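Asks: Residues per chain are reported as follows:
Protein chains: 2
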Amino acid sequence: MPDNEIEYIQPGEIEKRSFEIIERELRQQGITLPRDQASVTKRVIHTSADFDYAVTMTYSKDAVSVAKKLVLDGANIVTDTRMALSGINKRILESHGGQAHCFMADADVRKEAEKRQVTRAAVSMERAMMIPGPVIVVVGNAPTALLSLYDLIQKKKWKPAFVIGVPVGFVNVVTAKELILKTDVPYIINRGRKGGSTVAAAIVNAILYGLER
Amino acid sequence: MPDNEIEYIQPGEIEKRSFEIIERELRQQGITLPRDQASVTKRVIHTSADFDYAVTMTYSKDAVSVAKKLVLDGANIVTDTRMALSGINKRILESHGGQAHCFMADADVRKEAEKRQVTRAAVSMERAMMIPGPVIVVVGNAPTALLSLYDLIQKKKWKPAFVIGVPVGFVNVVTAKELILKTDVPYIINRGRKGGSTVAAAIVNAILYGLER
Chain C
188 MPDNEIEYIQ
198 PGEIEKRSFE
208 IIERELRQQG
218 ITLPRDQASV
228 TKRVIHTSAD
238 FDYAVTMTYS
248 KDAVSVAKKL
258 VLDGANIVTD
268 TRMALSGINK
278 RILESHGGQA
288 HCFMADADVR
298 KEAEKRQVTR
308 AAVSMERAMM
318 IPGPVIVVVG
328 NAPTALLSLY
338 DLIQKKKWKP
348 AFVIGVPVGF
358 VNVVTAKELI
368 LKTDVPYIIN
378 RGRKGGSTVA
388 AAIVNAILYG
398 LER
Chain F
188 MPDNEIEYIQ
198 PGEIEKRSFE
208 IIERELRQQG
218 ITLPRDQASV
228 TKRVIHTSAD
238 FDYAVTMTYS
248 KDAVSVAKKL
258 VLDGANIVTD
268 TRMALSGINK
278 RILESHGGQA
288 HCFMADADVR
298 KEAEKRQVTR
308 AAVSMERAMM
318 IPGPVIVVVG
328 NAPTALLSLY
338 DLIQKKKWKP
348 AFVIGVPVGF
358 VNVVTAKELI
368 LKTDVPYIIN
378 RGRKGGSTVA
388 AAIVNAILYG
398 LER
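As they're listed, the protein sequences go chains C and F. Note that the first sequence covers residues 188 to 400 in the numbering used here. Note that the second sequence covers residues 188 to 400 in the numbering used here.
Hints in this document: simulated from the structure, not taken from any laboratory. Owing to the predicted nature of the structure, the values given are computational and were not obtained by experimental measurement. Warning: the hint list may mix true and false statements.
If several chains are the same, the list does not tell them apart, and a pair holds so long as it fits within one copy or across any two.
Said to hold, decoys possible - Pairs of lysine-lysine, DSS-like flavour, derived with a Cα cap of 30 Å: (1) K298 - K277; (2) K302 - K256; (3) K344 - K229; (4) K248 - K203; (5) K277 - K302; (6) K255 - K344; (7) K369 - K256; (8) K298 - K256; (9) K248 - K346; (10) K255 - K302; (11) K229 - K342; (12) K203 - K343; (13) K203 - K298; (14) K203 - K302.
Please build the complete structure, drawing on both the sequences and the hints.
Replies: If you want it as structure tokens, here you go:
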């Protein structure tokens, strides 16, 4: 079916049809995604219509299984944007005991960031470390969140249980991702400049949906 | 400054620096954006790190001025996703008398969509037409929202004051955008498969920020 005709399709079938198209085009491009990563990378392509992610998405060993187990164990999620928080399927997360948080709009975070002349995202990471139990940090916007995390890890002040690192942009984004790749924290990271809140939410949701199948 | 070094920069300067990089790379690619569209297209590139948008973003005549005037006149905004709603700068919008809405999570919208076997986005558009005064429709996800709009316009049932049409995906996305281009409704549309809630919010925010400068 060419792109320029309307395909009449039941609402519930649209996502299935989209994934079929993605799988077909990956085959046409000669790309075979590793079996354990495919559900996440395909959902990122689904949310971005950008096949670059098939090449740049980077996973630590057994990353998807590790993340699933954390959710099953009731891990909390901390995001660096209200948009990513808004896009995450809280119903599934909370059914396993975890909650999703975003501290970016908190008045005390803003105040402290201004005082210290750092970003609110950096301060948010220090709030994340106060949460009891394992925390999955989800960064869809601010490379400074990853830089702050890297600093905490290096100084052995805190280690998140998992990092989903897909900030987007032009200043320090590439570097911040590469620094997290050097740590021993389990991760899903999109190398390069691309990412964003929709990509971050898609990764989290792929993990959550994987628990329901 | 290469991508692989940390650039030490004050938080307030990051966005300015990002736009300088975008402008430089556009020049290097030989791309000159039309003056009245540049602020919007650059903000979309800023939010996606994807220069494809420099080519695919499509504007009706004086689209940015038309949209600004609508906001100044107190137009309301209706989005097709909670994420886009979450990303829009409501403070500026509301300071001019408009409000941002998203009907997707409303129980009655869900119920009606199930009953009629259409998407919630399609039903949401029929809710949008009930809002008194001019409405800017912002579609970041569901091509069915645009198809539903096109149908309303064709049948002369309703005409939104402006359409920001940047759904993303693989089923009916390209076609739905092309149909809106055929109407006489003022628009900002990204042709092709790409778009999304972050892109939708970036377009709205570029218009809103333009009112403060």
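Asks: If a hint holds in the structure, say so; if it does not, say that too.
Replies: Hints, one by one, checked against the model:
1. K298 - K277: Intra 28 Å, inter 21 Å, cutoff 30 Å: intra and inter.
2. K302 - K256: neither (38 Å within a copy, 37 Å between copies)
3. K344 - K229: neither (35 Å within a copy, 39 Å between copies)
4. K248 - K203: within (28 Å within a copy, 37 Å between copies)
5. K277 - K302: between (33 Å within a copy, 25 Å between copies)
6. K255 - K344: within (25 Å within a copy, 48 Å between copies)
7. K369 - K256: within (23 Å within a copy, 50 Å between copies)
8. K298 - K256: neither (36 Å within a copy, 34 Å between copies)
9. K248 - K346: within (17 Å within a copy, 52 Å between copies)
10. K255 - K302: neither (38 Å within a copy, 35 Å between copies)
11. K229 - K342: neither (36 Å within a copy, 38 Å between copies)
12. K203 - K343: Classified as neither; 44 Å inside a copy, 33 Å across copies.
13. K203 - K298: This pair counts as between: shortest inter-copy Cα distance 22 Å, intra-copy 45 Å.
14. K203 - K302: between (49 Å within a copy, 21 Å between copies)
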